[in-house]
Amino acid sequence: MTGLIWIVLLPLIGFVVNGLGRNVWSKTVVSLVGCGTVLASFLLSCNVFSMVYAARKVGEQASFSHTVFEWISAGSLHVNLSFLVDPLSAVMLLIITGIGFLIHLYSTAYMKHDKGFAKFFAYLNLFIFFMLLLVLGSNYVVMFIGWEGVGLCSYLLIGFWYHRIDYAAAAKKAFVMNRIGDLGFLLAIFLLFYNFGSLEFSAVLPKAATMVQGDTTLLLISLLLFVAATGKSAQIPLFTWLPDAMAGPTPVSALIHAATMVTAGIYLIARSNILFTLSPVTMEVVAIIGLATALLAAFIAVTQNDIKKVLAYSTVSQLGYMFLGLGVGAFTGAFFHVITHAFFKALLFLGAGSVIHAMSNEQDMRAMGGLKKKLPVTFLTMFIGTVAIAGIPPLAGFFSKDEILAHAFIQSKALWIGGFIGALFTAFYMFRMLFLTFYGKFRGTFEQEKHVHESPMAMTVPLMILAILSVIGGGLNLPEALGGSTALAQFLAPVFADSVALSEGFHLAHTTEFLLMGVSALAAIVMAIYAYVLYVRKAIVPGADHEKRKGLAQLSYHKFYIDEWYHAMITKPLNNLSTFCFKILDKKVIDGLVNYIGNGATRAGNVIRLLQQGNIGFYIFCMVIGIIALLAYGLYIV
Amino acid sequence: MGTIVNELQGIPLNHYILLSSIIFSIGVIGVLTRRNVIIIMMSVELMLNSVNLLLAAFSAYHGDASGQVFVFFIMALAAAEVAVGLAIIVMVYRNTKSIDINALNKLKW
Amino acid sequence: MDNFVLLLLLLVPLIVAIPLTMVKQSNPAKWLAFIASIVVLGLTIQLLIAFVPDASIQFEEKFSWIPALGIQFHIGVDGISLPLVLLTNALIPLILLSTFRKTYKGNFYALVLFMQTGLLLVFTALDAFLFYVGWELALIPIYFICGLWGGQNKARITLKFFIYTFSGSLLMLIAIIYLYTQVPTADYEWRSFYELALDGKTQGYIFWAFFIAFAIKMPLFPFHTWQPDTYVVAPTTGTMLLSGIMLKMGVYGLIRWLLPIAPLGVNQYGGIALTLAIIGIIYASIVAFKQQDIKRLVAYSSIAHVGLIAAGVFVWNIQSLQGAMLQMINHGINVIGLFFVIELIYRQAETQDMQSLGGIAKPAPKLAIAFLIIVLGAIGLPLTNGFIGEFLLLIGVYQAGIWPAVFAGLTIILGAVYMLRMYQGVMLGEINQKTADFKDVSGVDLLVLGVILVLIIAIGIYPKPLLHISEAAVTQLIEQVKFN
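Chains as they are written, first to last, in this note's numbering: chain D, 100 to 737; chain A, 22 to 130; chain Y, 1347 to 1830.
Rather than coming from a laboratory, the hints here were simulated on the basis of the structure. Note that the structure is predicted; figures quoted are calculated from it, not measured. The hints are all genuine.
Under the rule of at most 20 angstroms between Cα atoms (straight-line distance), these lysine-lysine pairs were calculated in the PhoX-like manner:
id	chain 1	residue 1	chain 2	residue 2
1	Y	Lys1785	Y	Lys1712
2	D	Lys671	Y	Lys1636
3	D	Lys471	D	Lys540
4	D	Lys540	D	Lys637
5	Y	Lys1708	Y	Lys1780
6	Y	Lys1448	Y	Lys1370
7	Y	Lys1451	Y	Lys1370
8	D	Lys549	D	Lys471
9	Y	Lys1712	Y	Lys1780
10	D	Lys472	D	Lys549
11	Y	Lys1708	D	Lys214
12	Y	Lys1506	D	Lys686
13	D	Lys472	D	Lys540
14	Y	Lys1448	Y	Lys1785
15	D	Lys211	D	Lys126
16	Y	Lys1636	D	Lys682
17	Y	Lys1506	D	Lys687
18	D	Lys686	Y	Lys1636
19	D	Lys473	D	Lys540
20	Y	Lys1500	D	Lys686
21	Y	Lys1636	D	Lys687
22	D	Lys214	Y	Lys1712
23	D	Lys126	D	Lys214
24	D	Lys637	D	Lys471
25	D	Lys671	D	Lys682
26	D	Lys549	D	Lys473
27	Y	Lys1785	Y	Lys1708
Coverage of chain Y stretches by chain D, computed from C-beta distances (three or more under 8 angstroms per stretch; other residues unrestricted):
id	segment
28	1504-1517
29	1635-1641
30	1703-1709
31	1725-1736
32	1760-1771
33	1809-1818
Using N, Cα and C, we set each Cβ at its ideal position, and we do this for glycine too.
Using the sequences plus the hints, can you model the full thing?
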């Protein structure tokens, strides 16, 4: 498995080469290095994947590990820098390197005029490196390296245009919020270590599988891991960083904040699925938080006007679906949604990037419109993406979302209804975005209109590939009800075997399943038509920012004032506490006490010197008294 | 010689002790209460002499001459003290035009 | 040769320091001092090669010093002191290099070398009296460095620093003398001290006497208030010496003297010490939040980091102690890097105030990258040195319970907040008047930063050699000294 090391190392080499030579290499060299390393990594990944696939074909577990060196050891703690390839990580490998490569390719054109071209590619390669570490790690600590590393790259790339202080602040916010989750991850690692004596997946997970359901330790571990996941995957209550993260260049939003990094939380839970399956309480929490996030984000997305913000909230919402899937035990379904979502969300972001590129960096949809003719490829691909995400058959999103919803239906009707409502919103706001952007009249400035052009090949080719994937992606795991073979489920079976054995299994009459599918597909189409009526027929354009909106719309437009809440509830009190601690507690109380004691000598001197008043009579008096006292002591007391 | 000792021993020792205590106390009170430096000096002399008297008395009662030797030492010391003390007082008077002891309160704090 | 390496290590800086005081020109002085420190580093590396990583004391040397009082000149290293000797001797050349663009005279460098001897004496002394001598010997030069070359209010602040730390050391001296009176063989040998089995109450007093001395030096909350002022007012070299090496004296003292000598005292009061350490982590982090002066901010961050190390020591298990050993080295490297970057910024922008800085990343990308990596090391990002240390410390602290681990773990969140705020305030945003014609780091300054960066990343990727040095000694110590 030496190829494995190269899969990881190649992007790192790309990072080093581009990073060190950022002022030396020409843009062509930088693009070649940047894309080349990732492409090579992708090809190697294909090789690894085919190995795993072949092994699965003959019914093996298909889990290969490779230790590079012992990293940390202290007492009974041994952490190896080691890799593990199994069906789950093999699929992730393909997504990361494959979509990563497409986005690299896209970026060569998108970032062409940026001064930080080489830096951008260096960061992107570094991201791929860390992401690969995350999915390939054979223990929780190596995973944690990747986990934090991608957070760093996200920080660097969100703050890529660091001269904008608000961008820099958004980057910091993302990093800090991620770190809150990371603390959960670390604590979970500690718990795992002390309860299982190891941090290797291959040691921990089988041991966990033998424990009883509802074990409190497992409950705590799984909750902490979920906290980690909420940070990285932008769930309530840590989701507000993701919309702000749109400050980064659009390819970054596509790669990091849609296709790969944000799904790390799902990967983490899928990887540790047995820990969750054995903690029903956590599963419920995961499902509820996931659904709540899905609904909240979808509701906010409905009124957003920034094309990237719409997509950002849509990402949060879709991630919520994935967690809903995990929470109801549909691990394959959730992971399936990770894959399809990677296709269509990357496509949508890249499409949005293409629009923004064409519109000279305009992101407000109110200033777009009528771009259908001018950007035909972008339009077509984005249309496919929209249909896919809206859950209209037979595109990818329909199948993956449907699988999650079907599982939710078995668990509880309420969850299904919630998910269904979210799906309605999704279809609506996605079509709203599509119609506002591409239909109607052009609403931008004359300058922009003159400038509008279809993007170059380097940008449209990735769009087309992703569009094709979005169309056929559903085929990966066709449900049995539709005569499919659930290929993905078969492939991933060893990973989820223990969990599947524990759950009651998936029992849903085909008729019910058809009915559910039909209802959600129909509803999505209805919502699409409703959006068409509003934004194309009636040609409604959302009002200006300051405009007062009615009731819920106001709430949605201002994102439920969550940022303001956080500011008032957390940031501000902490800042005040800091000022208080520094100015009062530190300076006055503690240091005051120290100085008070220090000044004790001076103060004592001040008191005693008063005796020294220069009156000789007094001195003599003291002397006499002293002598008498001494005599008295000598004569009577001793 | 013997007669003088006898004479002295005619008076009980308690009387000597009482007398020198009274003289000593007068000296102490003088030092404490008077502000005139010369009187203070005199009071100091009184104290010294009361001790001398006591030493002489004990010496006579015990028939030990070393007490009287001490007296001589003290007298010599007192003479020296007066010499130096008066010289200081003269200097103080020249500087402050006063022999009030409270004029010398510069040595404080 | 091997036998005298340790003695040479102590003597070389001292001997070079004496003629250095006479050198009035800056250039010969700095080169002389630098060469001396490189020689010492070379000797240290020889020491490292000859060192057998087991639990024994090696390179031991013993001379009678004041025989009437049983005082001996007894030095030697084991796996616990060697990393600190290495840290001292590796950082001093870097610290000296960082002054190459300044015009200090011979007396300044003489003081630095003098301090090196004092520090090495602390880390190698096996005689309690000698330890105390080294402890005070290291204080004198730093007092002069801060007092003579410091900034505003230097006299008042350095005096406070001196008296504060000194009064702590006096408590320690009393404890040492008391222990001496209890030793049957009437000496100050560390072994004799270890073997004393005093009753719980006495050990309680011994505990507090040592603890306060060490807590002031590190410093631990609430004995820390001398530290931010002193760090701010001291010249950067002084700050580096104080934060990079000197505060490790306190931690080393905990591991070498306090816990083995007064285990019963630790049983009674160790919980308080642990609580103070953890309060210190959170408290210092919160105070660091709103600091405008970046030097002060880093000073507070240092209190937080040292709090975590101290917490690890008091938890006393192999992970936490190994973490503490490693983190001492890491903290030394990182904090020196941070202060050096601040110095570089101050040299050009002539301010340490975050509000008047900003946007330096644009004119000075190299400095920005270096600063970022050092910041990442300080906040413990994986694959930097800080992560290994923090991970081991936290996993160790977890053994004391989940809540200590949670509160101590807050450092990774709070650390990110204030460090990134500093990075943002200094490096990101628009450039302004002060930072517009900022020149990127170059030459010898770049060399210093480069070495620091290499260390940060190398330790982060492959910490095993360092962990290996101390492993046997730490394991043995934990076996010997047990708490319940």
